[in-house]
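We have chain Z; now place chain S with the ligands onto it with these hints.
One letter stands for each residue in the lines below.
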Amino acid sequence: MNQSDSRLILKAEDLKQHYRVKQGFFKPEAVVKAVDGISFNLEKGKTLAVVGESGCGKSTLGRMLTMIETPTEGKLAHLGEDLLALSADAQAKLRQKIQIIFQNPYGSLNPRKKIGAILEEPLVINTKLSKAERKEKALSIMAKVGLKTEHYDRYPHMFSGGQRQRIAIARGLMLDPNVIVADEPVSALDVSVQAQVLNLMMDLQEEFGLSYVFISHDLSVVEHIADDVMVMYLGKVVEQGTREQLFENPKHPYTLALLSSTPQLSPEKRRTRIKLEGELPSPLNPPSGCAFHGRCSYANDRCSSETPMLRLDSEENQEQGHLIACHAVEENRIESLVEGAA
Amino acid sequence: MSLLQLENLSVTFGNFRAVDNISYKVEEGEVLGIVGESGSGKSVSSLSIMGLIDFPGKVSADQLSFDGQDLLAMPEKQRRKLTGSEIAMIFQDPMTSLNPCFTVGYQIIEALKTHQGGSKKELKIRAIELLTQVGIPAPESRLDNYPHQLSGGMSQRVMIAMSIACNPRLLIADEPTTALDVTIQAQIIDLLIDLQREKQMGLVLITHDLALVAEVAHRVIVMYAGQIVESGPASEVFSTPKHPYTQALLASLPESAAGKARLEALPGVVPGQYDRPLGCLLSPRCPYATDYCRKVEPANQGDLDRQVKCHTPLDREGRPAA
Ligand SMILES: Nc1ncnc2c1ncn2[C@@H]1O[C@H](COP(=O)(O)OP(=O)(O)OP(=O)(O)O)[C@@H](O)[C@H]1O
Ligand SMILES: Nc1ncnc2c1ncn2[C@@H]1O[C@H](COP(=O)(O)OP(=O)(O)OP(=O)(O)O)[C@@H](O)[C@H]1O
Ligand code: SF4
Ligand code: SF4
Ligand SMILES: [Mg+2]
Ligand SMILES: [Mg+2]
Chain Z
122 MNQSDSRLIL KAEDLKQHYR VKQGFFKPEA VVKAVDGISF NLEKGKTLAV
172 VGESGCGKST LGRMLTMIET PTEGKLAHLG EDLLALSADA QAKLRQKIQI
222 IFQNPYGSLN PRKKIGAILE EPLVINTKLS KAERKEKALS IMAKVGLKTE
272 HYDRYPHMFS GGQRQRIAIA RGLMLDPNVI VADEPVSALD VSVQAQVLNL
322 MMDLQEEFGL SYVFISHDLS VVEHIADDVM VMYLGKVVEQ GTREQLFENP
372 KHPYTLALLS STPQLSPEKR RTRIKLEGEL PSPLNPPSGC AFHGRCSYAN
422 DRCSSETPML RLDSEENQEQ GHLIACHAVE ENRIESLVEG AA
Chain S
279 MSLLQLENLS VTFGNFRAVD NISYKVEEGE VLGIVGESGS GKSVSSLSIM
329 GLIDFPGKVS ADQLSFDGQD LLAMPEKQRR KLTGSEIAMI FQDPMTSLNP
379 CFTVGYQIIE ALKTHQGGSK KELKIRAIEL LTQVGIPAPE SRLDNYPHQL
429 SGGMSQRVMI AMSIACNPRL LIADEPTTAL DVTIQAQIID LLIDLQREKQ
479 MGLVLITHDL ALVAEVAHRV IVMYAGQIVE SGPASEVFST PKHPYTQALL
529 ASLPESAAGK ARLEALPGVV PGQYDRPLGC LLSPRCPYAT DYCRKVEPAN
579 QGDLDRQVKC HTPLDREGRP AA
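Protein sequences, first through last, are from chains Z and S. First residue of the first sequence: 122, per our numbering; consecutive thereafter. First residue of the second sequence: 279, per our numbering; consecutive thereafter.
Careful, some of the hints might be misleading.
As a list, the in silico DSSO-like pairs of lysine-lysine whose alpha-carbon atoms are at most 30 angstroms apart [claimed, not checked]:
id : chain 1 : residue 1 : chain 2 : residue 2
1  : Z       : 396       : S       : 477
2  : S       : 538       : Z       : 265
3  : S       : 538       : Z       : 390
4  : Z       : 214       : Z       : 235
Pair ranges (Cβ atoms, derived) [as the list claims (entries may be wrong)]:
id : chain 1 : residue 1 : chain 2 : residue 2 : range
5  : Z       : 271       : S       : 352       : 47 to 55 angstroms
6  : S       : 377       : Z       : 212       : 44 to 52 angstroms
7  : Z       : 388       : S       : 345       : 27 to 35 angstroms
8  : Z       : 271       : S       : 565       : 21 to 29 angstroms
9  : Z       : 388       : S       : 594       : 12 to 20 angstroms
10 : Z       : 406       : S       : 418       : 20 to 28 angstroms
11 : Z       : 212       : S       : 594       : 58 to 66 angstroms
If you're looking for bench data, these hints aren't it; they were derived computationally from the structure. Glycine included, every Cβ here is placed at the ideal spot set by N, Cα and C.
Chain Z with its partners taken away, still in its complex shape (with noise of 0.2 angstroms):
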């Protein structure tokens, strides 16, 4: 890969998103902290997967890149341009450039517009182009995703769920974004249109440069198409590496848990089952120190009173940047309880 391939997209710092939310009439204003201090760097033609179970943040960091909503706090920066301080007309011109695709196909296509309105209605908004030459572009567009010339004149009901998508995902392409963040894309559908909308989506990648930020929960997919992953627990990164760093030497205990809980065909790739007690915790309430501890079986009186800071993993080249926020990983007691175990 030469150096004009890795240029840096996308970098978050410490990104947060806290929700004030209503209790009820006499109880105080609670605060969720839907996410609370991510960061990450994003390269061109490459895919940031992030994953973790329902509401650890995933869509609200996702609303966040895509600027739906301003962040509480932190940084965001596009190509080197600060994001946030920008004037409203300048991020809505750079607002283009991140697009958004969502994973219910049902829901996110207006009913009562046709394919071609559908595809048209961002180049209408945002740029001056002619009817014909919206007309051509929607349709070379369609062609890429593997839509015909008849589906333009069509109503979303009339497409299955693997079509859905595409459109979803031609529209997401109208305006030459280099950043598609894309919200769960494939979890509503079977497996073989799955993998129609997955090969699609790295053929994009290679022709367009693309840059993806993949949001999922099926550890299966995020293995196959993710460059780097960040696994999310309660709004904070609780690891962060490449995709060999995290599949194949994975250190805390979450994603080992979420690892060794996720089915596998083949017996050769089967975990021994880290058996979780409990459910998740709630957001409103969120446990003291390490959000994991009630679930946790290498926690002990440290982690449910300190919270744990995402480090560099000690044992690896530092440069590789494996990041984890355990102690015990910290303090080596994984490794021996381990072994210990065996």
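Showing chain S with the ligands alone in chain Z's frame:
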């Protein structure tokens, strides 16, 4: 004698055959996985076993028996008593099957009442026992909760508690974990399998997660557009599939492709009510289809233990028979 046996079961809605002549059996202590894409008839076929297909849906079968008793011939009342006690089902959507207007405790106690009776106090103790069994912490405090006060994982546990309330001998679990997070899914599946082993229940596990079935099922049935296209011991079906559809499903999984290689996607989609092809239903999507396939529907080959519905079943190398 098998615990459950069905022969040529069909379910039709008007002209549409949602389930098309399927046959299978479940033995005591056996976990049978049913896999297939959305709309392949997994839920409808199970609902028909429970006697829950409403008009205008029609169920027909050469045989549908539980423990040797003919379910279709027995009086309605007797059948209803059987389903619910000896045969239980966990439904695909827990929110639609737990009544939002009643507390969890009330609903479990009602389920127990209809099938076994006992004093109010005894029923309450049994309800707490059941909630403990499915791993709900502080179960006494949960009895007065309404369904909306429970997390997804919790309501799924309550559903399981209700379904095992009467010690069924056969449990049909329709996507019992699909809406749940992986770590919670793993907890629920472990729980189901533990209960199944302990009680030597027959368990029918319906899911579209092939890997899950590969991990826990003894036998597997693959459905496509209302038909069973392949069945057999899970390990065999997954290691050496005989039907092109099973082969394609497995190949399309991300774990089947190395690195960022493209996945082997089966083109097209499952046919619905209006585009059912002639001949073999897979023929428009099958890489091995011949003109003969497009005209003549293949018969099931092999005995019930290892069946395949294809003119040219695949050999051990995954190539169609000559
Ligand atoms: N506008 C809002 N106001 C208050 N709380 C919110 C708001 N949006 C999200 N939250 C809360 O923030 C947390 C993170 O939500 P988010 O939707 O980002 O999770 P997620 O990881 O995408 O979950 P899922 O996998 O279920 O989609 C949740 O607890 C959610 O209830
Ligand atoms: N009451 C009904 N009336 C008409 N058609 C129906 C009815 N119920 C189901 N169907 C149709 O029967 C077919 C089989 O549906 P079924 O719910 O069994 O699929 P499934 O395999 O369970 O799919 P999923 O994985 O999405 O749950 C579908 O085409 C469905 O649209
Ligand atoms: S910090 Fe403690 S509780 Fe948190 S993951 Fe590490 S060992 Fe477990
Ligand atoms: S009968 Fe023909 S079309 Fe059908 S699965 Fe076999 S080879 Fe494919
Ligand atoms: Mg989300
Ligand atoms: Mg179903």
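We went through each hint and held it up to the structure:
| no. | hint | in the structure |
| --- | --- | --- |
| 1 | Z:396 - S:477 | holds (22 angstroms) |
| 2 | S:538 - Z:265 | holds (20 angstroms) |
| 3 | S:538 - Z:390 | holds (18 angstroms) |
| 4 | Z:214 - Z:235 | holds (26 angstroms) |
| 5 | Z:271 - S:352: 47 to 55 angstroms | holds (53 angstroms) |
| 6 | S:377 - Z:212: 44 to 52 angstroms | holds (48 angstroms) |
| 7 | Z:388 - S:345: 27 to 35 angstroms | holds (33 angstroms) |
| 8 | Z:271 - S:565: 21 to 29 angstroms | holds (26 angstroms) |
| 9 | Z:388 - S:594: 12 to 20 angstroms | holds (18 angstroms) |
| 10 | Z:406 - S:418: 20 to 28 angstroms | holds (21 angstroms) |
| 11 | Z:212 - S:594: 58 to 66 angstroms | holds (60 angstroms) |
Checked against the numbered hints listed earlier, the structure breaks none of them; every hint is satisfied.
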